[in-house]
Structures are given as structure tokens and as C-alpha cells.
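Peer 1: We have chain A already, so just place chains B and C on it with the hints.
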Amino acid sequence: MSDLPKVPRVKKAWYVLARSGEVQGNKPLRRRLWGSPVVMFRGSDGHVGALVDRCPHRDIPLSFGDVVGNNVACGYHGWQFDRTGECKRIPAFEGTAAHKTRCATAYPVREQQDFIWVWADPNTEPDCDPYWFEWADRPGYLTVRHEVSAEGSLHALAENALDVPHTAFLHRGLFRNDNDRNPITCVLERHADKVVCEYIGEPRPPGFAARLLSPSGGAVKHFDRFFMPCVVQVEYAIGDENHILTHAALTPIDDHETMLFSVVCVRSSRIPKRLIRPLIQPLAMRIFQQDAVVMALQKQSYRDFGSQKYTSTEIDLLGPHILKLLNRAARGQTGEADRRKPYRTEVRMMV
Amino acid sequence: MSDLPKVPRVKKAWYVLARSGEVQGNKPLRRRLWGSPVVMFRGSDGHVGALVDRCPHRDIPLSFGDVVGNNVACGYHGWQFDRTGECKRIPAFEGTAAHKTRCATAYPVREQQDFIWVWADPNTEPDCDPYWFEWADRPGYLTVRHEVSAEGSLHALAENALDVPHTAFLHRGLFRNDNDRNPITCVLERHADKVVCEYIGEPRPPGFAARLLSPSGGAVKHFDRFFMPCVVQVEYAIGDENHILTHAALTPIDDHETMLFSVVCVRSSRIPKRLIRPLIQPLAMRIFQQDAVVMALQKQSYRDFGSQKYTSTEIDLLGPHILKLLNRAARGQTGEADRRKPYRTEVRMMV
Amino acid sequence: MSDLPKVPRVKKAWYVLARSGEVQGNKPLRRRLWGSPVVMFRGSDGHVGALVDRCPHRDIPLSFGDVVGNNVACGYHGWQFDRTGECKRIPAFEGTAAHKTRCATAYPVREQQDFIWVWADPNTEPDCDPYWFEWADRPGYLTVRHEVSAEGSLHALAENALDVPHTAFLHRGLFRNDNDRNPITCVLERHADKVVCEYIGEPRPPGFAARLLSPSGGAVKHFDRFFMPCVVQVEYAIGDENHILTHAALTPIDDHETMLFSVVCVRSSRIPKRLIRPLIQPLAMRIFQQDAVVMALQKQSYRDFGSQKYTSTEIDLLGPHILKLLNRAARGQTGEADRRKPYRTEVRMMV
Numbered sequence: 572m573s574d575l576p577k578v579p580r581v582k583k584a585w586y587v588l589a590r591s592g593e594v595q596g597n598k599p600l601r602r603r604l605w606g607s608p609v610v611m612f613r614g615s616d617g618h619v620g621a622l623v624d625r626c627p628h629r630d631i632p633l634s635f636g637d638v639v640g641n642n643v644a645c646g647y648h649g650w651q652f653d654r655t656g657e658c659k660r661i662p663a664f665e666g667t668a669a670h671k672t673r674c675a676t677a678y679p680v681r682e683q684q685d686f687i688w689v690w691a692d693p694n695t696e697p698d699c700d701p702y703w704f705e706w707a708d709r710p711g712y713l714t715v716r717h718e719v720s721a722e723g724s725l726h727a728l729a730e731n732a733l734d735v736p737h738t739a740f741l742h743r744g745l746f747r748n749d750n751d752r753n754p755i756t757c758v759l760e761r762h763a764d765k766v767v768c769e770y771i772g773e774p775r776p777p778g779f780a781a782r783l784l785s786p787s788g789g790a791v792k793h794f795d796r797f798f799m800p801c802v803v804q805v806e807y808a809i810g811d812e813n814h815i816l817t818h819a820a821l822t823p824i825d826d827h828e829t830m831l832f833s834v835v836c837v838r839s840s841r842i843p844k845r846l847i848r849p850l851i852q853p854l855a856m857r858i859f860q861q862d863a864v865v866m867a868l869q870k871q872s873y874r875d876f877g878s879q880k881y882t883s884t885e886i887d888l889l890g891p892h893i894l895k896l897l898n899r900a901a902r903g904q905t906g907e908a909d910r911r912k913p914y915r916t917e918v919r920m921m922v
Numbered sequence: 572m573s574d575l576p577k578v579p580r581v582k583k584a585w586y587v588l589a590r591s592g593e594v595q596g597n598k599p600l601r602r603r604l605w606g607s608p609v610v611m612f613r614g615s616d617g618h619v620g621a622l623v624d625r626c627p628h629r630d631i632p633l634s635f636g637d638v639v640g641n642n643v644a645c646g647y648h649g650w651q652f653d654r655t656g657e658c659k660r661i662p663a664f665e666g667t668a669a670h671k672t673r674c675a676t677a678y679p680v681r682e683q684q685d686f687i688w689v690w691a692d693p694n695t696e697p698d699c700d701p702y703w704f705e706w707a708d709r710p711g712y713l714t715v716r717h718e719v720s721a722e723g724s725l726h727a728l729a730e731n732a733l734d735v736p737h738t739a740f741l742h743r744g745l746f747r748n749d750n751d752r753n754p755i756t757c758v759l760e761r762h763a764d765k766v767v768c769e770y771i772g773e774p775r776p777p778g779f780a781a782r783l784l785s786p787s788g789g790a791v792k793h794f795d796r797f798f799m800p801c802v803v804q805v806e807y808a809i810g811d812e813n814h815i816l817t818h819a820a821l822t823p824i825d826d827h828e829t830m831l832f833s834v835v836c837v838r839s840s841r842i843p844k845r846l847i848r849p850l851i852q853p854l855a856m857r858i859f860q861q862d863a864v865v866m867a868l869q870k871q872s873y874r875d876f877g878s879q880k881y882t883s884t885e886i887d888l889l890g891p892h893i894l895k896l897l898n899r900a901a902r903g904q905t906g907e908a909d910r911r912k913p914y915r916t917e918v919r920m921m922v
Numbered sequence: 572m573s574d575l576p577k578v579p580r581v582k583k584a585w586y587v588l589a590r591s592g593e594v595q596g597n598k599p600l601r602r603r604l605w606g607s608p609v610v611m612f613r614g615s616d617g618h619v620g621a622l623v624d625r626c627p628h629r630d631i632p633l634s635f636g637d638v639v640g641n642n643v644a645c646g647y648h649g650w651q652f653d654r655t656g657e658c659k660r661i662p663a664f665e666g667t668a669a670h671k672t673r674c675a676t677a678y679p680v681r682e683q684q685d686f687i688w689v690w691a692d693p694n695t696e697p698d699c700d701p702y703w704f705e706w707a708d709r710p711g712y713l714t715v716r717h718e719v720s721a722e723g724s725l726h727a728l729a730e731n732a733l734d735v736p737h738t739a740f741l742h743r744g745l746f747r748n749d750n751d752r753n754p755i756t757c758v759l760e761r762h763a764d765k766v767v768c769e770y771i772g773e774p775r776p777p778g779f780a781a782r783l784l785s786p787s788g789g790a791v792k793h794f795d796r797f798f799m800p801c802v803v804q805v806e807y808a809i810g811d812e813n814h815i816l817t818h819a820a821l822t823p824i825d826d827h828e829t830m831l832f833s834v835v836c837v838r839s840s841r842i843p844k845r846l847i848r849p850l851i852q853p854l855a856m857r858i859f860q861q862d863a864v865v866m867a868l869q870k871q872s873y874r875d876f877g878s879q880k881y882t883s884t885e886i887d888l889l890g891p892h893i894l895k896l897l898n899r900a901a902r903g904q905t906g907e908a909d910r911r912k913p914y915r916t917e918v919r920m921m922v
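Residue numbers (my numbering), protein chains in the order written: chain A, 572 to 922; chain B, 572 to 922; chain C, 572 to 922.
Incorrect hints may have been included.
Identical copies go unnamed one by one, so any copy, or any two together, can satisfy a pair.
[Said to hold, decoys possible] No farther apart than 27 Å at their CA atoms in a straight line, the calculated lysine-lysine pairs in the BS3-like style are these:
1. Lys-582 <-> Lys-880
2. Lys-880 <-> Lys-895
3. Lys-792 <-> Lys-582
4. Lys-659 <-> Lys-765
5. Lys-577 <-> Lys-912
6. Lys-792 <-> Lys-577
7. Lys-895 <-> Lys-844
These are calculated hints, taken from the structure and not from any lab test.
One chain only, chain A, in its complex shape (with noise of 0.2 Å):
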């Protein structure tokens, strides 16, 4: 038995911390980020706070007090504090609550598309927008929201979520099997801040659900996308019936154990509207058990041999980058020599 190996923690970010239906109510709510307890409340003025889950005075979590007005109280002793982490109120006391020593810590806070988004270093100004799920809402597009868990690092989820051989062991028979294999080109590109693969040349799956998807089969766009740190992104288009847009943003709970919200924004001229969700729900949830099943036995591996180690091949196609590009946020560097000249290299794969 032995640590968990590190993991790159990039904290200069937004990641997505609660469904806005979570945060309301007088019950604040805690999650962790990065392995830190945080607090959320709304106000009755409708913002959403963050703060470290810890009371100053005593050390009590915040989320085990109430919401009172804008602002969140101790179940302890009473002590309120409002969105920027300041004490309004101290019951009993005479003096002023407000105090620099009585400060609780404030998380900038940003809510959109029904996602409350939390810059996860609460010690600096956010120097970009959390990420805009472009298709997510759309005039003809159905879109899917849904949140679930899985004992595996961000690193870990975000190649599984975007590994394409595993699905034909894995989750066989779902999309695809292990025989009646085709050639195809991937083409993968590095940027600063993404990594892209296009596969080029990919018949319809044979499996349940691209059937169901695409009865008529047809030519397939297939694209992977990893946005930096947390978002990944399958696009599916098979001929013109369908297209299918996969997101996961993926919060780091802890080093490894990630919380994935996922958004599926699909557009269907087969499928009527109401039996998509009613389609995606079951489906995703079987193939996401499978990856959580793999996921959490690779930590226990960990555990068990005290390390981590990987040997790729030139299938592993995004796992490796998105890899390097969590490793140089994590030590602070910017990739600007990456801006200018992306990395790209072409790979064949039977799927």
C-alpha cells in the first residue's frame, strides 16, 4: 500500500462546480475542489457565493450552517459572512464583526448555461471565461444535462472520454466489436490550449447505438476535442440525419476523483425529440459504469503498486498530449511557442 501518484493540478482555472439548481434554497451546498472543501450558497439577492468550507472563528464547515439574506451562517455560533468572504455579523458581541482576521476565503464565482463555474485558485483574479458550450441550447438541438462521479484523476477520465480502441473491448457490442475491422487516418493536432483528432475514413459503427442513431448509415464526422483543463468534447455526425455533440466537463473533486457534468446536444432528423433523452440516458449510463468500473481499478492499482506506469503506442492518441498540456499548466508555462506552430502528425488505426 503506498500514495497516490501526484497528478497536475492546475488551479489557475475554471471548473464547473454544481448544476445551478443545486445552489438555492437555505441549505448551502458543499463540494470539494481539488481535495478543498467549498462552500456554495445563493443569496436572496440571486448570486452565487463560494467560499473555503471552514468557519474562521472555529473551524466548522459553512455548508452544515444556513443561508440567511446574502449571506452564509455558522451553525455553530452564528457568525455570517457574505459573498466576499467578509463577517457582517457576530451574535452576542458588541464590537464590529467585519475584521481582517475574521475573513473567510472568497472563490470568484461565475454562473452560465445552468453551471455554477469556480476559479479554483482563490488567491487570484481570473484571467479568462470559463468554457461556452457552443451548441448547448440551440434552435433544433436537444440538449442533455447530467452529472455523475468516478474514482480516476482528470487526466485519467478526460483519455478515456476520448480514447476511441477501448470501446470495442470495453463497451463492446455498444459501438463497436472486435472484428470486421476498417483502416482509418487520424490526424491529431496540438495547440496551446486544445488538442484535436479527426478521424478520417470511419464506416458507421456496427454497434446498438450507432444504429439506432444512424438507421440509414451515411458518411461519418468524427472529431475529438479536449479544451484546457476540464472539457472534452466528442462531435458525431453520420451523414446528414444526425449530429451529435458529446461534452464532459470534468471537475477534479480530488486528485483522483472527478466529477464529470455532461452536456449532449444532439440533433436528429430520425429520432423525434421526446425519445432522445429517453435513449441517451440509459445508454450513457451503461457505458460511463463501464469506464467508472476501469477507472476506479486503475487507482487501486495505483495504490497497490505505489506508482504509476504507462507504456503508449501511436493509437493512444489524445491521452498523451492532453498530458503534457495539464503538466506545463501546472508549473505555470504558457505555451506561447506552441501558439504559433501547432504540433500535428497522422496515425492509421484499425477500427
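Peer 2: Then chains B and C, alone, in the frame of chain A:
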């Protein structure tokens, strides 16, 4: 995740390790004190012994064995030890059992007022007597004993037990509420071996518990006291009708886990004696459970953040002074300077 | 709380990792050896392989996968490995699977007498053969195999299995009692690779088990033997009626967790063969469960006190000598000096 913060361990001191009735029959009792397992047993002569709960032969806890005469016998090979730790018998062995390498380590023990007190340092002789509950079992007073445990340090529980402001929040409605506040004067004195706070000008609390105990109101006499290193006492007299002394002997099972042996002494001209216990017990348990939740949350916070980070105001009356005395005692400082010139302060507070 | 004490890890040695029947079909078997996960699988050619249970690609335990022909296939991406650890297939990859960076680590394996033996150091070649159970499956002998596991070190379990004095206490009434003791002479010899103790002058034990096996009494022949590094053997013959050889091959799952693969060989002129198994199994399980409780308590003591602290007398016969051999072997000492001049001692004991 991280280690829990260090606490002052006062080892040269008496702590209650059991109720008298818990140590009897042919099965020994195992408890922990500052993290070390202790086995207690009552010999056929009626005297109680307390040994380090480990057989010197093969490290098996002696509490797994049996009481045989005045000895405790290990359950693995039957080695027997008396109250002093001397080995008295080794079955099948033809030599003499007693030998300096075969001694169990013995703790000094005192039994008084229905409690087994154990001196926490087995390597030193006690230089004082255990605390005496002055009002326990007196004529005219009903005495109710009870024991519970909580996930918090001795200091956290002592501060909690003697803290007034939190009662209006955590125990809202039982003693006080957050409205109709009155200013009172608090006079605090810290001596070398105790901290005493008198509350002057306090009206009868409006809460349910107070109304029950003193329906006709009247002048309130209220003292909170801490006796080094482990006894808290709240003395309340409302008019002439009632005199209530709530004590707890706090026992550090571990640095952040504490048993409370409570002793409540009540004289009441309003409530018939036979009703006092049924009234006190459920009320005390409800209060205690609310406090235990906060203590456990505080401990969880220590784990989450890997540190303790208190901020106090002047209305945190006893806690900081108790910590001062505990820290001094843990460092072996006698506090003679303090004995001659007690510390005294006055504070105004709204209750 | 603290770490468990270090134990001598003898790595250049064979240990039983499974019964033959446990390794079959298309699902591999996972076990641990000295804390390291091992995956075992039987190829379609009937031979058993044992690999470090970690796919070199992404650290997933190979035991999560399937047996395919003579290979084990990872459940994540379908990489296949043969018994030597060579990578035989990478689905979707157009290059050659075999490559030195893509090898799984293989353990030497031997299958004999219904057991899978694994050499605990995958980096060295075995320089000896696994232990041979000489009396197993012989004509006239009934052989009963069984496997259990306990929370204790290999040494603690070996000492326990070969220790006579504890049987009068922990297993009171089954073999011996604490009264009617007789003096016997114990002759102990320690060789470079084994410890043997003969008990001379032992009457038939008065307990239930003994009376059952040998109703008419008679002279007792009793040897306790330890064979480096993992086999214990108790040989009992009471009169001419019975010859019982109880062995256990001890397998260090981890430093303080051990599996016992027991092999009991019985020849009896009194008890019909078909009754032996129904008599032995429940009795052996009862004894083992009592021992397992003590082993787990001992381990808990190590945790509680952060150390091991043995004291022995001369009637702790085999344990200290077994420890000596294990310590030497763990340090890589050959014990040649010992081989020429075995250690010999006589002790009197009351049984």
C-alpha cells in the same frame, strides 16, 4: 487529507476511565487513554487494577482474557498478572513466573464516588488526588450520572461545554434564542489550576429548558468553571427554587476523541425528585448530540485542511484560557507565577 | 496509531498461491503475495501462468480481463500477454505487439499435488523445488485439503501452529486442559532449513479431539516441524491406531495477512475413512477460528502500540528459532555454518 493537529497531552493527571459498575465480574474492561489501551479488572478482593492492555509475552490484549482471583489472565497462553503488573503464573513453565522482563505496566488507580480514576502516566507517582464532586449524593440533591463520547479533543469539548454564545444557535430554543438579547457582565478569573467565569445581570433564559426548571423566574446565579485538566462545571441557581450543578469529567480516549462522564446534581423545590431524571436525561442527550455533531464536523475540518485555525473575540471567554493552562501543564510548567496573581477581566455580552 | 512492525520477507522461495481447481475457465484469478497483486490463468494448453497483476499499458489489473487461448487479455483495451509476459496482441494497432517496454512481469510457476506454487521473486530463477507433501494422497491415508486466511504474519502463524502451551488455554477442552499436567521432555533441533521438535513422554491428551481419534490411548509419538520458509507440520501417532500429519503451507498475502493451505493426512484403524473428513473439518475450523481471533488481536496491538514487544521463556520452543531462520533468509544469509552443526536443546514442560 492530512494528520490531525497536535493537542496538549496532560499526562500527569487523573482521568475517569470507567464507572465503578463497569469493572466487575470475570471479564476485564478495555478503554483507551491518550490513545493507549488500558485494561481494568476487579480482583476477588474488590480492588481494581489498571494495566497497559498488552501481554508482555506475545502482545495480545489482556482484555481478551479473564479475571482469575486477583489477577488478569491472558487468553492466549494463560499468563497471569496482578494489579502491580507482576507476572504470577506461566502455565506449563517449571521456573518462576515473576521476572522483570515479564512485567505488565501498571497505572495508579483510585475508586471514588462511583468512578474509576486512572493516573495517565504509568511511570510516575500521583502528586495529587482525583477531583471530588462536592455536591454529588448530598442530602436534598438528586445526582444523575451518565457517560457518552464525542469526536473532539478534550479542549474542544471543554470549551464547548462552558461556551454561552453557541447555545442561542446550536441549541436554539432550548436555552436561548437569537432575539430579545440583554447585556450582561462576565467576570473571568484564571488561576493556576482553574478558570472561573461569573455572569452578572443575566435574566432567566426564555427557552424551554429554563422555563421548565424555574417557572416563576427570579434572579439568576450562573458560574462556569474549569478544573485542571479535565472537569467542567456549570452552576445555575434561578431564584431559590433550583440549584443545578452540571459537571463532566472529560477523558481523552485519544487526542481527538473524548469520553464525558457527566454528574448532574439538582436541588429543586418545584419539580418532584422522581421527575427530575426523566426530564434531565432526554434534554441532556439532545443537547449533547447537537454538540457532538459540531465536534465531529470540526474534526473533519482538521482532516480536510490539515490544520487548526482559530480566531477568537472577547466573548470567547473560557476556551482560550483553558487552552493556556493545558498547554502549560503539557509542557510541565507549574504555573506558580499565576498562583499568586490570578488573571481577571470583565466583558459585556448580549444573551 | 502507527505502522505495523516490519517482518522478514523471504522472497527467493516458493509459496502456494492457489489450489489447482481455482485456476481454470476464462476468468483469471487474482491473489496477493508479499503485498503484490498476482494474476494467475490457465491457458487452453493446460499450463498455468502467473504475472504481476498490472497491464503495462494503463495499469489496469489483468485479472479484470479474460483468458483467451494461452493468453490473458486486459479488459480495458484488449492487450494480450502470454505466460512469459510477452505482449502478443494490441487491437487496432498495425505494428508488432511484442516490445520490451510492453512486457508484463512473469513469476515462475509450478503445479504439483493440487497446488499452484509461485516463486515470490519474479527477477530470479528458482534454485530449488517447492515443498513436497510426502504423505499426501498415499494409499491408506485420507488427505483433506482446505484453505483459510488470517490477520497475522507468516511467522506469527507458524509459531502459533507449532506452539503446544496455548492449546490448554485458547483451545481449552479440545486437546488439553489446565489441570492434570504431566512433565514431558522436548528435544529441539534447528537446522539450516528446518526446525524439528520431538516431545517425549507425552500421554494421550485428555481432550475431546484426542479421545475421539484414539479411544484406546497408547504411546504418543509427536513431532512439530517447520520447513523453510513456509511449511508447518504436526505429526501425531497415538498407539498404532492413528497416524496424523497436519500441514499448512503459509502464504504471505501481505506482511501481516497470511493464507493457510492445509493438508491433513490421516491413517486410522479406528475411524472409518468416510467419517474422517466430517470429523476433521468442523474441529479444524473451530481451532483455526480461535487462533485467527488471537492473531487479529495481536495485529491490532501492533497498531495500537506501534511496535512489537515479545518476551519468551524456554517453553516457547519453535517460534524464536523459526524467526531466526526467516531473518537470516530475508537478509540473504545461506546458513551454511548451521548446516554442519545443528542447534540442539532439551527442555521440560508440563502438558
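Peer 1: Now, for every hint given, state plainly whether the structure supports it.
Peer 2: Each hint tested on the structure:
Taking the closest pair of Cα atoms, Lys-582 and Lys-880 come within 27 Å of each other both inside a single copy (25 Å) and across two copies (23 Å). Taking CA atoms no more than 27 Å apart as the test, Lys-880 paired with Lys-895 passes inside one copy only; the shortest distance there is 16 Å, against 37 Å between copies. Taking the shortest Cα distances, Lys-792 and Lys-582 never come within 27 Å of each other, neither inside one copy (34 Å) nor across copies (55 Å). In this homomeric assembly, Lys-659 and Lys-765 never come within 27 Å of each other (Cα to Cα): the closest approach is 43 Å inside a single copy and 34 Å across copies.
Within a single copy, Lys-577 and Lys-912 get their C-alpha atoms no closer than 29 Å, and across copies no closer than 53 Å, so neither meets the 27 Å cut-off. For the identical chains of this complex, Lys-792 and Lys-577 are neighbours neither inside a copy (36 Å) nor across copies (58 Å), given an alpha-carbon limit of 27 Å. Within a single copy, Lys-895 and Lys-844 get their C-alpha atoms no closer than 40 Å, and across copies no closer than 68 Å, so neither meets the 27 Å cut-off.
Consistency note: the structure conflicts with the earlier hints numbered 3, 4, 5, 6, 7.
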